[in-house]
Amino acid sequence: MRTLDYISTAQTNLLRTKVRTFLTILAFVIGTFTLAMVTAFSQGLRSYVNTQLSAYGQPNAIIVSLGSASNQTGPNGIPYYQPNRQSTITASGPRGDKKTASYTLNQSDLTKIKAVPGIIAAYPDYVTLAIDYAQYGNLPKYIMDVQGAYPTESIALAAGSFPTISQSTGIVIPYTYIQAFGANSASQALGRTINIQVTSSANQPKIYKAVITGVLPNTAHQPGAYLANQLMSSMVQYQTGTTSQFTNIIALANTNVTKAQRLSLKTAIQAKGYRATTYDDIIANFNQPLSVVSAGLTGFAAIALLAATIGIINTLLMAVLERTQEIGLLKALGMRRKGITFIYLVEAASIGFWGGIIGVLLAALVGYVANPILNRTIFTGIGSAHLLTYPLVYMAGIIVGAMIIGLLAGTLPAIRAGKLDPIEALRHE
Amino acid sequence: MKNPDQPILKTAKLHKSYGKKTNRFEALKGIDLAISRGESIAIIGKSGSGKSTLMHLLAGLDKPTNGNVYWSDQSISRMNEKQITNLRNTKVGFIFQQFFLQPTLTVLENTYLPLKIAGISSHNRKKLAKEALKSVDLLDKSDNLANDLSGGQRQRVAIARALINNPEVIFADEPTGNLDSETGKQIIELLFSLQKKNNITLIIVTHDEDLAKKCDRIIKISDGKIIK
Numbered sequence: 000m001r002t003l004d005y006i007s008t009a010q011t012n013l014l015r016t017k018v019r020t021f022l023t024i025l026a027f028v029i030g031t032f033t034l035a036m037v038t039a040f041s042q043g044l045r046s047y048v049n050t051q052l053s054a055y056g057q058p059n060a061i062i063v064s065l066g067s068a069s070n071q072t073g074p075n076g077i078p079y080y081q082p083n084r085q086s087t088i089t090a091s092g093p094r095g096d097k098k099t100a101s102y103t104l105n106q107s108d109l110t111k112i113k114a115v116p117g118i119i120a121a122y123p124d125y126v127t128l129a130i131d132y133a134q135y136g137n138l139p140k141y142i143m144d145v146q147g148a149y150p151t152e153s154i155a156l157a158a159g160s161f162p163t164i165s166q167s168t169g170i171v172i173p174y175t176y177i178q179a180f181g182a183n184s185a186s187q188a189l190g191r192t193i194n195i196q197v198t199s200s201a202n203q204p205k206i207y208k209a210v211i212t213g214v215l216p217n218t219a220h221q222p223g224a225y226l227a228n229q230l231m232s233s234m235v236q237y238q239t240g241t242t243s244q245f246t247n248i249i250a251l252a253n254t255n256v257t258k259a260q261r262l263s264l265k266t267a268i269q270a271k272g273y274r275a276t277t278y279d280d281i282i283a284n285f286n287q288p289l290s291v292v293s294a295g296l297t298g299f300a301a302i303a304l305l306a307a308t309i310g311i312i313n314t315l316l317m318a319v320l321e322r323t324q325e326i327g328l329l330k331a332l333g334m335r336r337k338g339i340t341f342i343y344l345v346e347a348a349s350i351g352f353w354g355g356i357i358g359v360l361l362a363a364l365v366g367y368v369a370n371p372i373l374n375r376t377i378f379t380g381i382g383s384a385h386l387l388t389y390p391l392v393y394m395a396g397i398i399v400g401a402m403i404i405g406l407l408a409g410t411l412p413a414i415r416a417g418k419l420d421p422i423e424a425l426r427h428e
Numbered sequence: 000m001k002n003p004d005q006p007i008l009k010t011a012k013l014h015k016s017y018g019k020k021t022n023r024f025e026a027l028k029g030i031d032l033a034i035s036r037g038e039s040i041a042i043i044g045k046s047g048s049g050k051s052t053l054m055h056l057l058a059g060l061d062k063p064t065n066g067n068v069y070w071s072d073q074s075i076s077r078m079n080e081k082q083i084t085n086l087r088n089t090k091v092g093f094i095f096q097q098f099f100l101q102p103t104l105t106v107l108e109n110t111y112l113p114l115k116i117a118g119i120s121s122h123n124r125k126k127l128a129k130e131a132l133k134s135v136d137l138l139d140k141s142d143n144l145a146n147d148l149s150g151g152q153r154q155r156v157a158i159a160r161a162l163i164n165n166p167e168v169i170f171a172d173e174p175t176g177n178l179d180s181e182t183g184k185q186i187i188e189l190l191f192s193l194q195k196k197n198n199i200t201l202i203i204v205t206h207d208e209d210l211a212k213k214c215d216r217i218i219k220i221s222d223g224k225i226i227k
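Sequence order for the protein chains is A and B. Everything in the first sequence is counted per numbering that gives the first Met the number 0, starting at 0 for the first residue and increasing by one. Everything in the second sequence is counted per numbering that gives the first Met the number 0, starting at 0 for the first residue and increasing by one.
Note that these hints are calculated values from the structure, not bench results. Here the structure is a predicted model, which is why all the values come from computation and not from measurement.
Over 10 Å on every C-beta distance to chain B, these chain A residues come out as not near it, computed from the model:
{"hint": "1", "residue": "Gln51"}
{"hint": "2", "residue": "Leu138"}
{"hint": "3", "residue": "Thr151"}
{"hint": "4", "residue": "Ala158"}
{"hint": "5", "residue": "Ala267"}
{"hint": "6", "residue": "Gly272"}
{"hint": "7", "residue": "Met317"}
{"hint": "8", "residue": "Ala369"}
Covered stretches of chain B, as calculated for chain A (at least 3 residues, CB under 8 Å):
{"hint": "9", "region": "51 to 64"}
{"hint": "10", "region": "71 to 84"}
{"hint": "11", "region": "87 to 95"}
{"hint": "12", "region": "98 to 105"}
{"hint": "13", "region": "114 to 120"}
Think of the CB as a built atom: it goes at the ideal place given N, C-alpha and C, for glycine as much as any other residue.
Let the hints inform the model, and build the full structure from the sequences given.
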């Protein structure tokens, strides 16, 4: 028989017992649907997480700190006491923090990091800065987390841009602060000057003026405001009395740095005795539990598929039994053993195919209905992106996988059909 | 050129037994037979005489325990599965008592089944099936389901199916067994006329004395031996 004849014969055969075929496929659909939903969910969640993280990190930035090199830590990574590295910085933060003890880096570390080939710039990262409040005009005073903005920040802003070198008092505010600063939209907030109060270690408050140059994207979790480097430095100087000690260094590579290059930069920095955290490390931290969860859910889908596989075996065994005479006839008329086997294998693969395609289409339909609802309710802040995503390759993979499972399930009945003796088969009632 | 006098089918000391040791049952006990091209043969005998077994061996549906079946001097007992299925597909036509049409397929689809198995294109097999149905006068029923036909019509479809591959030999196993006598007669007339027209060797296994008498030769089997 021709290949097309095998395929059409298999479909005709499946249609002969419509209800049974339908039920067998339905059982399979439960498995493939679950698998497609798990894939859609975990893929969507991954890109959701990545979108969220994009407001925090930039791919070309590497966070450098002390504390990982073997000469700085003892057993189980416990750091040694290093008198010249330890500092106590007094600060008054929103949670009432007064003292922050930490390993500190200094200008000589900054010079070393800048010297690493591939690093184009390095900046102190003053994570210790805590402001009292931020206020626009006579509106209420709000607390706000702040951090330093560095050149080459690559976050796509809702409006405006990151402060340039000349915008020494620039600030990029979180999306959620738009109304707090009296604006109705992100673009309306641009250019407004806000007052930021910082209290020194001597308990003396001081007001700094900051001009809004940009608004962060509307992500579900909002990072703190980004302050222009110069403004940040002067606040830190005022609050702690020094800018020569800092907890981290932000090392910047070219904006088009690849993942492999990031890894080699990380290795180079670590070789100098520092701890380096790349964008990939941050992503991996978030993705790892996600992978575990999706692997677990995939396991459940696999169990559903396994049960459906038994259904296929059962259906085909029954079909072989019912069509024994027909198999005898086909053999008498000159069909080879492997031809008969092939008919049943194609039938089994067809059940898998239909089960796969219906499951995937159903899942896509659920996504089509659920995505807009999810975007409006639980998962706001991902714009037009969808929580449930259906990458074509994965969906095609599910369908092909379903066909392979069908084929495997069909092997036993198909071989049994092929082995039937034509005379016995023709006598079968 | 094939020698027209050479037998198309020949058996030599054909033995067939089933089972093992104490349960051993000898169905055929040495059959020597030669059948010419275009000849019509009736194999008769009581049930259990071995006549069906003989037909199965001649048609290559089964292998002899001992001895050989020759198709134009070629031993089919030594053929592998591929060769023997190919032989059945291209040189043999079958007509069964129970017709064995596939109920969910149309008359046309049932007719071209051997050609579909052979891998003939859809266009060609449909054309040939229509010719075969025309010769059994059922062209107008081409698109009917086999289930919707009467017994006689079904057997005519089966004849068309047996003819479609232009076979050298047609095996008919009790072709009138499921038909009333009048319909049976018509089927037999049709079968013989087509056999003569196409110079096909016809081998009929039957109980039916009247049918057997119409054949060129009658082979009577009893207890696994030819007795006449």
